[in-house]
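Residue numbers (our numbering), protein chains in the order written: chain A, 64 to 341; chain B, 454 to 703.
Keep in mind the hints are simulated off the structure, nothing from the lab. Note that the coordinates shown come from a computational prediction; the quantities given were computed from them, not determined experimentally. Cβ coordinates follow ideal geometry from the N, Cα and C atoms, glycine included. Incorrect hints may appear among the rest.
To be verified - For the chain A half of the interface with chain B, some residues (derived, Cβ under 8 Å), not all of them:
no. : residue
1   : Phe121
2   : Leu123
3   : Asp154
4   : Arg217
5   : Ala284
6   : Leu301
7   : Leu323
8   : Arg326
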Amino acid sequence: MIDQLVHLLGYEFVQNALIAGVLVAVVAGLVSRFVVARSMSFAVHALAEVGFTGSVGFLLIGLSPVLGLLSGSFITALVIGALGLRIRERDAVVGLVMAFGLGLGVLFLSLYARYATEAIALLFGAITAVSRGDLILMVVVAALTIVGLGVMYRPLTFATVDPVVAEARGVPVRLISILFLVLLAAAVAEAVQVVGVLLILTLLITPGATAERLTARPGLATVMSVGIALLATVGGILLALLTTVPVSFYVTSIAFVCYLTARFGGLAVERLRGAASN
Amino acid sequence: MTVPRGEFLAVLGPNGSGKTSLLRALLGLAPLASGSLDVLGGPPRRGNPAIGYVPQHAGFDRDVPLRGRDLVALGVDGHRWGFGRLSRADRVRVEAALEAVAAGPYADAPIGRLSGGEQQRLRIAQALVGNPKLLLCDEPLASLDMRYQQEITELIGGWSRDKGGTVVFVTHDVNPVLGYADRVVFVVNGRWAAGSTDEVLTSERMSGLYDAPVEVLRVRGRIVVVGEASGAGFDIDEPHHFPEPTGVHP
Numbered sequence: 064m065i066d067q068l069v070h071l072l073g074y075e076f077v078q079n080a081l082i083a084g085v086l087v088a089v090v091a092g093l094v095s096r097f098v099v100a101r102s103m104s105f106a107v108h109a110l111a112e113v114g115f116t117g118s119v120g121f122l123l124i125g126l127s128p129v130l131g132l133l134s135g136s137f138i139t140a141l142v143i144g145a146l147g148l149r150i151r152e153r154d155a156v157v158g159l160v161m162a163f164g165l166g167l168g169v170l171f172l173s174l175y176a177r178y179a180t181e182a183i184a185l186l187f188g189a190i191t192a193v194s195r196g197d198l199i200l201m202v203v204v205a206a207l208t209i210v211g212l213g214v215m216y217r218p219l220t221f222a223t224v225d226p227v228v229a230e231a232r233g234v235p236v237r238l239i240s241i242l243f244l245v246l247l248a249a250a251v252a253e254a255v256q257v258v259g260v261l262l263i264l265t266l267l268i269t270p271g272a273t274a275e276r277l278t279a280r281p282g283l284a285t286v287m288s289v290g291i292a293l294l295a296t297v298g299g300i301l302l303a304l305l306t307t308v309p310v311s312f313y314v315t316s317i318a319f320v321c322y323l324t325a326r327f328g329g330l331a332v333e334r335l336r337g338a339a340s341n
Numbered sequence: 454m455t456v457p458r459g460e461f462l463a464v465l466g467p468n469g470s471g472k473t474s475l476l477r478a479l480l481g482l483a484p485l486a487s488g489s490l491d492v493l494g495g496p497p498r499r500g501n502p503a504i505g506y507v508p509q510h511a512g513f514d515r516d517v518p519l520r521g522r523d524l525v526a527l528g529v530d531g532h533r534w535g536f537g538r539l540s541r542a543d544r545v546r547v548e549a550a551l552e553a554v555a556a557g558p559y560a561d562a563p564i565g566r567l568s569g570g571e572q573q574r575l576r577i578a579q580a581l582v583g584n585p586k587l588l589l590c591d592e593p594l595a596s597l598d599m600r601y602q603q604e605i606t607e608l609i610g611g612w613s614r615d616k617g618g619t620v621v622f623v624t625h626d627v628n629p630v631l632g633y634a635d636r637v638v639f640v641v642n643g644r645w646a647a648g649s650t651d652e653v654l655t656s657e658r659m660s661g662l663y664d665a666p667v668e669v670l671r672v673r674g675r676i677v678v679v680g681e682a683s684g685a686g687f688d689i690d691e692p693h694h695f696p697e698p699t700g701v702h703p
């Protein structure tokens, strides 16, 4: 099995897939912490689905689907940011923007004759199809996302866990919300290439939600979230290389097992501690 | 109206009378419709480091990865861009702030698992860690039980007394701050009266403010404000607009 892996690692498509996987995992792990804390699962879903529309739209006019994906999710982020920042509005705005975006996607699909393969790849992920060209774009987007998150890390944390006091202390809470949506759009466009539009939540929710179960230290939780995303992505790619099952299945399964372990393992530890202190 | 340095001012009044708007104006978050406002010798501005802010207790999510220590640290550097660890001097300040509110024993516990009173103590540490000159408190006692109300008020009142800090303390119940407030201002529908509790909280002044018969009772060292349901200007279907009985406790 090891021999087989080593042999496979010689192929360029395998190398590309692994590099892409690591990039996506780092970005997704970082962003995931804030997606969970800000309750933005629904927004992630909308960004991914309208990204899909953008992708098919770009294919239709003969442009790069990856650029289409990025454009679709960026436009969605800006529309959501402009229309609804207050929590009560946000849910409805995200839903209606997503519905309209997907409607366009249906139109584009019906116009695009050779849709089957590309559409399935977008919906369920096709990391082994990542080319060197795609990879360069992914590195750029990942770098920008990580730098962006680094710049706003502290005020974003403050605005996320303690928005009222953050605003009173002068943190531009509304601006931070919009900036985070834009970063999220970039992270979604990256992650879609590994797990696809439909399974996007596995990388943008599960690592953050799992890390929350493991520690109360915010910095450590961020590191753990990245670790879990790496484990799921790289582990999933390697397992998929050795079998005939798609990558997405392994990535979602590893992530889910991590969450269950953290959740029930965490409960057990708490019980033990409770028993010890009584 | 001028609030002198070191004064503990209690801002009282029914819901919707603009108490929170006053604080937002002081914080530079909301413009004034009319009039003018000076805060610590200048116009109000966002993020003034000389102002500490204690919000109403809202409760943290049970699982939020945040310790009391981290909440206080956000009071030091949460508004700064970028990331990074606290400097040694800042860590000492966080430690001192935790100690000042006696939050040391639970400073490393997940904040969502702490009681309301413990969380409010940490919020006071967060507000005081920057060594402010002015502390703005927006209903910091709401939804706390009586013992915690006393502890929290003593922490804030003690800080004002010892450090000579100015406090603007918004509350709908005057009783917890009776021993601390140098002055009260009572706001009702755009009308207000300021002075000592004995001057302001009288049946005559309050009836004038509410434009309706209001009785102010002093019972066992506590003050109770009782309005009449049929009073002019009040809508029976909207209990918020009644003069709130100030300090009804079991």
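Evaluation of the provided hints:
1. Phe121: violated, 34 Å
2. Leu123: violated, 41 Å
3. Asp154: Violated, about 18 Å.
4. Arg217: Hint on Arg217 of chain A: holds, closest Cβ of chain B at ~6 Å, below 8 Å.
5. Ala284: holds, 4 Å
6. Leu301: The hint is violated - Leu301 of chain A has no Cβ within 8 Å of chain B, the shortest such distance being about 29 Å.
7. Leu323: violated, 15 Å
8. Arg326: Result: violated, 10 Å to nearest chain B Cβ.
Of the hints listed earlier, those the structure fails to meet are numbers 1, 2, 3, 6, 7 and 8, in rising order.
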